[in-house]
Amino acid sequence: MNGIIVANTLRTSWKQILYWGLGLGALGLYIDFIAASPDIISGYAELFESFPPALLQAFGASDVALLTRSEGWIVSVFVSEAAIFLSVFAVMAGLNITANDERSGVMDVILSLPISRSAYVVERWIGYALNGLAIVVLCALITVLGMVAMNIDAPLDVIFKSILDLYPSMLLVMTVTCLLGTVLRRRAMAIGFSVAFVIVSYIFNALGAAASGTIADLMEDLSYFSYLNGEAFVLGTYDPADSIIVLVAVLIGFALSLKMFASRDIGI
Amino acid sequence: MASAAVIEMKGLSKEYGSGSSKTVALDNLNLNVNRGEIFGYLGPNGAGKTTTIRMLLDLIRPSAGSATIFGMDIRNDSVEIHRRIGFLPGELSLWDGRTGNQIITYVASIRGDTKGIVKHADELAERLDLDTTKRVRDLSSGNKRKLGLVIAMMHSPELLILDEPTGGLDPLVQQTFHEMMGEYRAKGRTVFLSSHVLSEVQAICDRVGILRDGELKAVESVEKITNVEFNWVDVTFRDAIPEGLPQQLDSMPSITDVSTNGTRVRMRMIGDFDPLLRAISGGYVEMLQVEEPSLEEIFLAFYSGDEEKRQ
Chain A
272 MNGIIVANTL RTSWKQILYW GLGLGALGLY IDFIAASPDI ISGYAELFES
322 FPPALLQAFG ASDVALLTRS EGWIVSVFVS EAAIFLSVFA VMAGLNITAN
372 DERSGVMDVI LSLPISRSAY VVERWIGYAL NGLAIVVLCA LITVLGMVAM
422 NIDAPLDVIF KSILDLYPSM LLVMTVTCLL GTVLRRRAMA IGFSVAFVIV
472 SYIFNALGAA ASGTIADLME DLSYFSYLNG EAFVLGTYDP ADSIIVLVAV
522 LIGFALSLKM FASRDIGI
Chain B
146 MASAAVIEMK GLSKEYGSGS SKTVALDNLN LNVNRGEIFG YLGPNGAGKT
196 TTIRMLLDLI RPSAGSATIF GMDIRNDSVE IHRRIGFLPG ELSLWDGRTG
246 NQIITYVASI RGDTKGIVKH ADELAERLDL DTTKRVRDLS SGNKRKLGLV
296 IAMMHSPELL ILDEPTGGLD PLVQQTFHEM MGEYRAKGRT VFLSSHVLSE
346 VQAICDRVGI LRDGELKAVE SVEKITNVEF NWVDVTFRDA IPEGLPQQLD
396 SMPSITDVST NGTRVRMRMI GDFDPLLRAI SGGYVEMLQV EEPSLEEIFL
446 AFYSGDEEKR Q
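Listed in order, the protein sequences are those of chains A and B.
Heads up, the first sequence is in the numbering used here, so the first residue is 272 and it goes up one at a time.
Heads up, the second sequence is in the numbering used here, so the first residue is 146 and it goes up one at a time.
Same shape as in the complex, but just chain A (with noise of 0.2 Å):
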C-alpha cells in the first residue's frame, strides 16, 4: 500500500467534489438567507408549532424555541438536509469503491497487479473518506462565509462543527454500501439495499421522536439519523459519545468489507 489509489481516486475525482460542495455550499447559503430575515424565521416557527412531533423531527428539529434563533435554524434545517443529499453521495462513492469496478470488469485488471484485495478496498476507502471530507468542509465554509457575508448573528464555530458532524454519518452510508457491494456482488441489489438502509434510518428517526417510551425509542437508535448533533451543538450538550458510536460502526463495517471481499470470486 502506497497511496497511489488514494492519489488516482482524489485525481479523478477532483470535480465531484467541487460539484458537490458547491451543490450544498449553495444550499448553506441559501438557509442562511432565510436565517437573515427574522420575519421570515418566526413565520416558520409559527407553522411548525403546528406540527406533531414526527414530522417536526423530519425537518430536522425538536425544539421549535430553537428553530427562532439564527443558528438554531441554520442548524436544525441544513443539517437534516443536508444529511439526506450527503446520504446519495455516499451510497454513490461506496459503490464506487468496489461494486463499480467490479461490474464494469476493470476490477480484472486491478488486482491483476501487483495490490492486494485489502489494500486496494483501503486505498479506495480512504480515497472517498477522503473526497467526502472535502465536501463536507467546502460545504461548511460556503455556509459559515455566507454567514459573515449576510451579518448573521450566530456563532460560526457551532455552525462548522454541526456541518463536519455529518461526516461520520456519511462514512456509515458509504461503509455500509460497500459492504452490502462486497456482499452481494450485484451493484443493483447493492443500490437498492443502500438506499433502503438510508430511507429506513430516516424514517425511524422521524416516528422515534414520535413515540417517546416506546419500542420506537429503539427504532430511532438504530437510525444513524438520531446520531447527527447539530442541535446539541447549539445548546451545548454535545456528546461525543454520539459520534464514537457511529465510527465504531464505521470500522466494524469496514473490517467486515475487508473480510468479504478477500475471501469470495471476483466478477462472478
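Simulated from the structure, these hints should not be mistaken for laboratory data.
Check each hint, because a few of them may be wrong.
Once the Cα atoms are required to be at most 27 Å apart in a straight line, the calculated DSS-like pairs of lysine-lysine come out as [said to hold, decoys possible]:
no. : chain 1 : residue 1 : chain 2 : residue 2
1   : B       : K155      : B       : K167
2   : B       : K279      : B       : K264
3   : B       : K289      : B       : K155
4   : B       : K155      : A       : K286
5   : B       : K289      : B       : K264
6   : A       : K530      : B       : K167
Given the coordinates of chain A, work out where chain B should sit on it, guided by the hints.
Relative to chain A, chain B alone:
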C-alpha cells in the same frame, strides 16, 4: 529450453452453485507450463479456459486443488506473483474516460517503476501502431486490445497470461504480435495463452492443451496436433460437376464426407492437394475454397482415429 515448471496446477477444480444447479466449470486439472515455452490453451467457448486463467490470477478461488506460479501459491503469494506476470483479460475493460497514456502511467505507478515502464510502453505502442493519447472510449475494439497488450507487456514480465489475445486485431497487428511472442520465447520468458483459433496456436505455440467441458483432454506438441489437421474443401464448377467425380473423390483415401449441392462439391480432405487437383481437372473450376476445421472438429478428429488414417 529449461524444464522447470513456471505454472503447476494440481487437481484444480471449480464448481458453481450447489445441489441440482451445480455446474462444473473445471474438473481436476493437472497441467504444467515450462519456463521458456509458449503454451496454447485451446478449447471451444465455455470449455473452462477463462476460469483456469482467472484462478491463476486469484480472481476466483478453486473449489479443490492447488496451483503455483514460480513455485509460489497463487492465493497466498498473489501480490509477488502479480509483480512478475502480465495479464490480458479476454473481455478487457478499462477506464473509458481516460487516455491510454494516463492508464499506462497509473498502472506503471502501481507496479512501482513509472519511468522505465512507461518508456517501454511507448516502444510497444509504437510497434503496435497504437495512439495512446486517445481516450479509451474513442478507441476501436482492436485498439483497446492493443492497449491491453501494452499494459500486459510493458514491465517485461517473466510470464505472460493472455486470454484470447488477438481477438479484434487486424492481420498485420496479429503478425506483429506473433513476432513479439517469438521474441519473448527467445528471451527465455514464458507465455500461457488461451485461444480457440487453431491457426494462431499453430503459428506461435510450442505445446497445446486441449480443454473440453472443463476437462483437459490432451497436452501435445503443436506438431502432433497439426498432424491430425484436415480441411474442408469446396469446389464450385462453372457448368456442372463432372460425371462420376463424387464417386471418384469418395474412393480417394485422403477424402471423406463428399457432398454435392448444384455445381458445388464439398469434402473433408487430409494431406496434399495434388490428388484432388488432378481429379477435378476434368471440369472448369470456377472457385476453390479451403476452410480450416473448427477446434471442435480437430478435437474429434484427434480422438476418432483420423491420425491413423492420415499415417
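Hint by hint, here is what the structure shows:
1. The suggested pairing of B/K155 with B/K167 holds, with an alpha-carbon distance near 22 Å, which does not exceed 27 Å.
2. Taking the CA atoms of B/K279 and B/K264, the gap is near 18 Å; set against the 27 Å cutoff, the hint holds.
3. Note on B/K289 and B/K155: the hinted pairing is violated, with a Cα-Cα distance of about 34 Å set against a maximum of 27 Å.
4. Only pairs whose Cα atoms come within 27 Å are accepted, and B/K155 paired with A/K286 is rejected, the gap being roughly 49 Å.
5. This hinted pair checks out: B/K289 and B/K264 have alpha carbons roughly 19 Å apart, not beyond 27 Å.
6. Between A/K530 and B/K167, the direct Cα distance comes to roughly 25 Å. Compliance with the 27 Å bound is thereby established for this hinted pair.
The structure shown violates the earlier hints numbered 3, 4.
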